[in-house]
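Asker: Letter by letter, the chains look like this.
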Amino acid sequence: MTEPSPPKYHRVLLQIDAATHCQETVGAAIDITARLGGELHGIFIEDADLITVGEFDFIREFRLSSPTAHQLDRLTLKGQLRAMARSVQRQLERAGSRRKVTVGFRSVREDVWRNEGETLVDADLIIIESTNRLKSRGYRGQRSNRRALATMRPTLLLKGGGRLVPYVTVICDSVDAADHGMRVARALLGASLKNITLLPYRVTERVYGEILNFEQEFSKSADQATEGSGRVHVAPLAAESDNSIMSMLAPENGVVVLKTGGALMNNPTELESLIISQHPLLFVQ
Amino acid sequence: MVDTKALPASQLCRRYDLEALGFKDTTELEDLREPLGQDRAVEAIRFGIGVRHHGFNLFAFGPSGSGKTEIIRRYLEPEAAAKPVPDDWCYINNFKVPDHPKLLRLPAGRANDLAQQMEALTEEVRAVISAAYESEDYRTRLDVIVEQFKLKQEEAFEDLQKKADEKNVSIVRTPMGLALAPSQDGKVLNPEAFSKLSSESQEKFKKDIGELEGDLQAVVRMLPEVEREQRREITKLNREVTSFAVDHLIDEIREKWRDCTAVLVFFDEVQDYIINHSDVFRLTKDEAVETVPARIAADFVMQQERVIGNCQINVLISHDANGGAPVVYEDNPTVENLIGRIEHRSEFGSLVTDFRLIKPGALHRANGGYLILDARRLVFQPYAWETLKRELRSQEVRIESLTQMMSLGSMVSLQPETMPLDIKVILIGDPLLYYLLSQNDPDFQNLFKVPVDFDDRLPVTDDAVALYAKFIATEARKKRLMPLERGAVEKVMERMTRLTSDTERLSSHTRSLSDLMSEADYWAASRKASHIAAEDVTHAIKAHIHRSDRMRERTQEQFQRGTMMLDTSGAKVGQINGLSVMQLGDFAFGRPSRITARVHLGRGRVIDIEREVELGGPLHSKGVLILSNFLAARYTENKPLSLNASLVFEQSYGGVDGDSASSTELYALLSALADVPIKQSLAVTGSVNQFGEVQAIGGVNEKIEGFFDLCNFRGLSGTQGVLIPESNVKHLMLKDEVVEAAEKGKFHIFSVASIDEGIEILTGMPAGELDAAGNYPKDTINGRVKLRLEAFAESARRYVKSGGEEKMSEVNDD
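Each protein sequence line maps, in turn, to chains S and G. Using my numbering, the first residue of the first sequence is number 1, and each one after it goes up by one. Using my numbering, the first residue of the second sequence is number 1, and each one after it goes up by one.
Just chain S, with the same shape it has in the complex (with noise of 0.2 Å):
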């Protein structure tokens, strides 16, 4: 079995707001392009619901720094968000320059963003920092999550800015979703064969047999190309009435690489587990 070569990933797109703004995940994303020798692009997105909270009279904000109340404005809340804009474009062009990465920014108001769709199908790649929790810097990162998975794009969903450790689970319910998302995890991630784990999702025992043919063979031809970077694992087959998708994966933080309109994509209470998991989500189409 030859493998095919890997898709080309060129144009990243680093999608921030006002909750996700933090070092970590700048220097994820470039060191993700590096690897890949793209370009990155940063958007800042001006989230609509602090400009609406900022012109009720009675809505007092309390910053982290101190516990006093603050009167929020329109015209306070616009001056914080530019700040924030500037100062992620900086981090952008320091971090791209010292890995001499080509970086892009611009800061975009959440209504228009939504309506721009040619910005999302020309990225090669999507990265978005979110973690669900409240306290976290991700909190509002979730307003742009779900979109971005209706997007026909690889997008990678980074958790509290976090490093990315290089351990990788691709779910997989196809021969072609494993074969997919481990291509995609070697050429976006940089993951090694031996850090890589196929985990069956709600496969019968036949398209099981299949994956673990799959695999025998991917090794065989790296072992061929003395690639040498041992073999790829593969998970037992679970019962459908087993644990759920979240006990069976591991380690606590490895990235999770999904197949857009699989099985799993389809269960909301499962999906909904994994985005407010600790894991970042690589979703694959």
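Just so you know, these hints were derived from the structure itself, not from any lab. As the structure is a computational prediction, the values presented were derived from the model and not from experiment. Glycine included, each C-beta is placed from N, C-alpha and C at the ideal position. Keep in mind that the hints are not guaranteed to be accurate.
[To be verified] Distance ranges between label pairs, derived from CB positions:
1) G349(G) <-> R82(S): 43 to 49 Å
2) M302(G) <-> N267(S): 16 to 22 Å
3) T269(S) <-> P98(G): 55 to 61 Å
[Stated by the list, open to error] BS3-like cross-link-like pairs, simulated, lysine-lysine; straight-line CA separation at most 25 Å:
4) K5(G) <-> K78(S)
5) K679(G) <-> K5(G)
6) K206(G) <-> K78(S)
Using the hints, position chain G against chain S.
Answerer: Structure of chain G alone, referenced to chain S:
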């Protein structure tokens, strides 16, 4: 009339004959083991080195170039080698008060071992801590802590969220914090929608939000405390992980230093310090450069280096365990070179320092041994002498810069712990400096109790001559010169005797000897000889003089061309040839001068014109004042001295000092009074006392040679010569040309003991002796002088009687 026979040639110069020593050249002579003629100094050195009590430091003084340093080293080095090796000293970081670095004393020869071990340890520590932080175990434990505290925070927020949801209020994350907003179906209401609500609903929202704000405020207040607790937990984890990684490394080297308690204490401090600062090792240098912005990476790397550096040691002094006590010669004794210094390095435009930049001084290096310093250089260096005394008094070395001592400047600096001082200091200088210090500095006698007085001459005895030959042979070998033939050795000894200006002494001035031999070696080599012969030494002496005697030639030229007036033949009343010496650096030469005297009636004053115009020095004035007393006492005992006499050095435009011309001036005065001419073919030198005795003077050889050179140029007539004091005969070491001329009777040296002897030679007239009646014979010098003075006295008496007293007083008062 006294016998006026000139001195025989044999008395004009001392010749050495070393045939009895039985050697052909210096290769046959043994080395001289002991310094020549320095018994007193050697005894003092032995005593000074041996006595260990406080304050018995040495001050060696003697003429420059007399080999003081070499002789001291010769005795010092074997003594030092036999002494125990002093301990090694290091500076280490004071972990409690970093600007007061601590001293660490180690057995001799072990400081460098410790330094290497600490360097290796810190490198290893850097690697193991970095690896420990990289380990999955550590990361998991860290994540657990982080997640635990995150959950704590989230729980608090979730409760709030739940309450807010119940009241249709959303928690909105602003760029700087949180806010509460009215919502409907999970979406924040915009102002338009809100205004469409009934006023009751609006008020309810406002009331609910107001209540929830209290809860939100409580949660936000709780956050810093939770974060602090989280930091404490992380610190605890870091200490645990670091301690596990580092302890065994330190325990390993601790075993090697079981015998040094101070080192074990240091290890304990280092261990604590590393554990407390383990954060700086979380990233390697390369990782820092790659992962954080350049400025932060630079700060991080600098911090890492600082922590690493603080665990190392600064070896101040390390000795060879088998080497003995140190003997240090500090050539440039500045304050910093003596007590060490604290250097600074630039960090982001600021000058900073730490214990590693403490540099040792000569006192540190010589501690436990001996320090040799040049006294003159020491006292010329600002504050160096005071600093050395302070350190010796307190018996400890305190490293302090001049700016610190004088409270100048405000640069960040250190106050290192002082080092106990056990040292013997040997100062080497000249006698003047020794006497000045001992007289004017009250500390000096307390701190430098052992004077080492070097002599630069030794008496000529048979033993001394034999030893001196060995001394020459030793110096020649030491300087890698050709061997000297016996004749050359004799010539060298003649020259060294001439340098002392004393036929009964030999100069032990090492530098003069070695310079002369080196020059002779050059001339011998230039004629491709294998040995230095007598002619080479003679050539060297002549060439040396020639190089220095431009001024002498210029002076001679002035006489030859008649610019300077000086007669070398004939006879004149009141005019005589005096002799003076000019010293130019290390070269001296004689210069004849015409001295004249005029007498007339007056009130008994001898006017020294040189003094009147302030060209005469005090010694010269003293000599002239003696003359008037001599005249009064000898010739006019019962009458007032009624003359005015004036004395002058003709064509002298510079200062004159010394009393060596006082006899000459007296001869001129006697000639003028007696009206008897003085032979101009003769020149005179010598001082005189109130009894008319002629006394010894200095530079007799140069003076004779100066007059000889002039006569020689004009042609020796056989009548020319010089009168010298009898007590100077033993100082005669005249050059060969003078001796040869004397041998041939063309030039004469007369020695005189009294003025009477001298005046007879100069005038050819008897001086005349006092008879029982108190008179001198008429046709003698003394008789004529007495008569003239009596005539003056009588004239004065008549003049006063005629009412001229007032006039006379006026004249004399002017």
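Asker: Next step is simple, just say for each hint if it's right about the structure.
Answerer: How the hints compare with the structure:
no.	hint	in the structure
1	G349(G) <-> R82(S): 43 to 49 Å	violated (34 Å)
2	M302(G) <-> N267(S): 16 to 22 Å	violated (53 Å)
3	T269(S) <-> P98(G): 55 to 61 Å	holds (60 Å)
4	K5(G) <-> K78(S)	violated (126 Å)
5	K679(G) <-> K5(G)	holds (16 Å)
6	K206(G) <-> K78(S)	holds (24 Å)
When held up to the earlier numbered hints, the structure conflicts with 1, 2, 4 and fits the remainder.
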